[in-house]
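Peer 1: Line by line, the protein sequences give chains A and B.
Residue numbering for the first sequence follows my numbering, starting at 22 and increasing by one per position.
Residue numbering for the second sequence follows my numbering, starting at 22 and increasing by one per position.
Simulated from the structure, these hints should not be mistaken for laboratory data.
Check the hints yourself; a few may be wrong.
One copy or two, either will do: identical chains are not told apart, so a pair holds if it fits within one copy or between any two.
Claimed, not checked - Mimicking EDC-like on lysine to aspartate or glutamate, the simulated pairs with C-alpha atoms at most 20 Å apart in a straight line are:
#1 319 with 292
#2 319 with 286
#3 110 with 97
#4 319 with 329
#5 319 with 289
#6 319 with 161
#7 319 with 175
#8 33 with 126
#9 319 with 355
#10 319 with 132
#11 123 with 186
#12 123 with 294
#13 319 with 134
#14 123 with 350
2 protein chains.
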Amino acid sequence: MSEATSPDVAGKTILIHDPSLRDGHHAVRHSLGAEQLRAYALAADAAGVPVVEVGHGNGLGASSLQVGQARLSDDEMLSITREALTNSKLGVFMLPGWGTTKDIERAIAHDVDLVRIGTHCTESSLAERHLGFLREQGVEAHAVLMMSHMTSAERLAEHCARLVDYGATGVGIMDSAGHYLPSDVTERITAMCAAVDVPVMFHGHNNLGMAVANSIAAADAGASILDACARGFGAGAGNTQLEVLVPVLERVGYRTGIDLYRLLDAADIAERELMPAPPTVDSISIVSGLAGVFSGFKTRVLDISAREGVDPRDVFFELGRRQAVAGQEDLIVDVALALRGAGSGDRS
Amino acid sequence: MSEATSPDVAGKTILIHDPSLRDGHHAVRHSLGAEQLRAYALAADAAGVPVVEVGHGNGLGASSLQVGQARLSDDEMLSITREALTNSKLGVFMLPGWGTTKDIERAIAHDVDLVRIGTHCTESSLAERHLGFLREQGVEAHAVLMMSHMTSAERLAEHCARLVDYGATGVGIMDSAGHYLPSDVTERITAMCAAVDVPVMFHGHNNLGMAVANSIAAADAGASILDACARGFGAGAGNTQLEVLVPVLERVGYRTGIDLYRLLDAADIAERELMPAPPTVDSISIVSGLAGVFSGFKTRVLDISAREGVDPRDVFFELGRRQAVAGQEDLIVDVALALRGAGSGDRS
């Protein structure tokens with residue numbers, strides 16, 4: 022059987038960025054403890070995973086009553102993970118608004134190697150100040166555009182170019198709602214690669230069972246950084262499954278520098294130590310992926326739909342039509358009431 | 022966002038064949054009871070799933086000490102499912118050797134609509150007698166080639182042409198080891214479609230996270246029948262996830278005639294009533310997919326590897342190199358002993 026499916030990739034290196042200890046936190050209410058962080062960080066480091074990202078699910082400074090309090094402080098998480106890593110770089114994530122320059126300074130004090138600044142896909146300007154600060158400090162700074170299916174390839178490319186001007190040394194997109202199919206990714210990554218000279222990143226979610234295929238499409242279109250988590254550890258349907266992605270990349274001709282057996286060991290540790298069970302694709306995950314809605318809405322949509330006697334799937338599709346984004350949870354009630362008025366409850 | 026990713030598919034109908042109540046049996050030791058069969062068959066029928074396949078995981082006549090005794094007899098399973106289906110066709114599966122003409126006669130007595138005969142990918146001749154018998158009886162008969170990654174596109178096409186000569190009114194391939202990537206599927210389905218004038222089928226497994234992407238590739242290459250199971254219910258990493266595949270097919274322009282909400286309801290019932298938990302992709306599933314080895318070997322490989330002190334992953338890769346197929350379980354011991362001699366145990 023032919024093993025090479027991607028054109029012109031022989032030997033090209035893909036840098037794997039592993040946010041299991043950050044994005045996975047969404048699946049366990051930010052509850053990982055010191056021994057859990059240490060066990061996984063040691064295992065990922067031993068496997069040769071290039072970047073291990075740690076923190077509250079919403080990043081530096083986000084631990085709060087509103088989005089959930091982490092078991093450990095940012096300081097504790099950074100200190101434990103820094104100590105565990107001998108080869109892997111230590112990464113952190115920050116959403117301006119939740120995190121501030123003070124949080125970045127604290128991460129730098131912990132000798133962080135890479136800071137990622139995330140914004141909604143059309144709000145790259147919110148990252149300007151932090152990227153500028155990181156450039157001054159001489160710390161590697163990447164910028165990622167979230168919910169990236171909500172705008173066009175052309176606009177994403179423009180935002181990426183702007184982020185590079187601000188100081189980003191890597192730019193990327195997250196498929197936060199798990200909405201993409203491979204051709205969607207190809208179109209966007211191609212446009213982004215044409216617009217910037219820095220490494221381009223893709224971060225997938227598995228709502229439509231496409232996280233691995235989308236990540237391969239991203240690499241084939243020129244992305245050189247791919248996010249993936251052990252067992253897909255993450256909210257809802259989960260992220261791209263790390264220990265699947267790596268051997269598939271290698272099979273089609275890319276290089277990752279990661280040891281497969283040790284990576285599988287790390288994933289086994291993650292399954293055993295970090296999560297009650299690996300993510301699966303449930304019906305609400307499929308609907309939120311199809312609708313292009315942030316899967317973090319799930320619990321509230323289910324609660325409000327039950328209260329108002331409407332079908333939560335109708336609520337998700339209507340939220341998608343209204344282009345709802347995180348922070349607009351009030352819309353859920355509006356939509357449920359509107360659907361109740363229109364008799365959506367009759368359907369289910 | 023563009024919703025059409027597949028060329029020239031607008032409105033083309035894909036027939037979904039749902040073996041949840043047959044292939045899923047592998048995941049629960051053939052233990053489904055009457056209420057479970059009835060609940061899922063009713064739900065799939067209500068959703069408009071075209072074909073519901075039922076039976077022991079290894080098909081008609083296979084219930085035995087050697088591969089596991091089913092809770093219900095073939096007669097019971099056929100009778101319960103037949104009664105539940107008002108619109109969906111009733112399908113059965115048979116592997117010559119396990120099943121005989123007597124078993125087919127019994128299925129016909131239960132008014133089965135579609136009989137599938139499966140053989141190893143290079144042994145299509147084993148299906149000749151049964152396909153001939155079904156043609157005489159006027160029953161729709163499909164033939165499927167299993168472990169199809171073990172031979173070339175050209176050979177598969179030749180076997181398919183032969184199966185049509187024998188009487189098959191549909192032919193297809195199973196990715197029994199979950200080894201394919203989309204380009205592998207494209208190559209094979211393209212060759213098969215060029216060789217026959219009957220509908221071509223693809224049946225995927227999710228060991229490399231590619232079951233949905235591979236199924237879309239099959240449709241794009243000309244397949245018009247796709248297998249998929251609720252929540253991917255099946256052995257190991259599971260099959261293509263039905264309620265993901267259907268909306269993805271619809272999104273890229275195919276038609277399935279299936280009601281999405283009722284399909285999601287059926288999948289929820291399947292998760293709640295049929296399985297302890299949905300399949301996930303564990304490390305051994307990944308290794309068996311990469312190695313191209315039947316995942317049914319898993320338990321024995323783990324037991325023998327533990328006893329002999331060798332790494333089960335090495336055993337899987339060596340079984341792959343030796344082209345092991347189901348029935349050759351004796352090879353596991355040979356391989357484990359050879360690896361022990363070579364010092365494989367030192368690695369883990």
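Peer 1: Could you run down the list of hints and mark each one as holding or not?
Peer 2: Verification of the supplied hints:
no.: 1; hint: 319 with 292; result: between (23 Å within a copy, 18 Å between copies)
no.: 2; hint: 319 with 286; result: between (32 Å within a copy, 17 Å between copies)
no.: 3; hint: 110 with 97; result: within (17 Å within a copy, 59 Å between copies)
no.: 4; hint: 319 with 329; result: within (15 Å within a copy, 48 Å between copies)
no.: 5; hint: 319 with 289; result: between (28 Å within a copy, 16 Å between copies)
no.: 6; hint: 319 with 161; result: neither (34 Å within a copy, 44 Å between copies)
no.: 7; hint: 319 with 175; result: neither (30 Å within a copy, 48 Å between copies)
no.: 8; hint: 33 with 126; result: neither (34 Å within a copy, 57 Å between copies)
no.: 9; hint: 319 with 355; result: within (16 Å within a copy, 51 Å between copies)
no.: 10; hint: 319 with 132; result: neither (36 Å within a copy, 44 Å between copies)
no.: 11; hint: 123 with 186; result: neither (23 Å within a copy, 75 Å between copies)
no.: 12; hint: 123 with 294; result: neither (32 Å within a copy, 51 Å between copies)
no.: 13; hint: 319 with 134; result: neither (34 Å within a copy, 41 Å between copies)
no.: 14; hint: 123 with 350; result: neither (28 Å within a copy, 61 Å between copies)
The earlier numbered hints that this structure contradicts are 6, 7, 8, 10, 11, 12, 13, 14.
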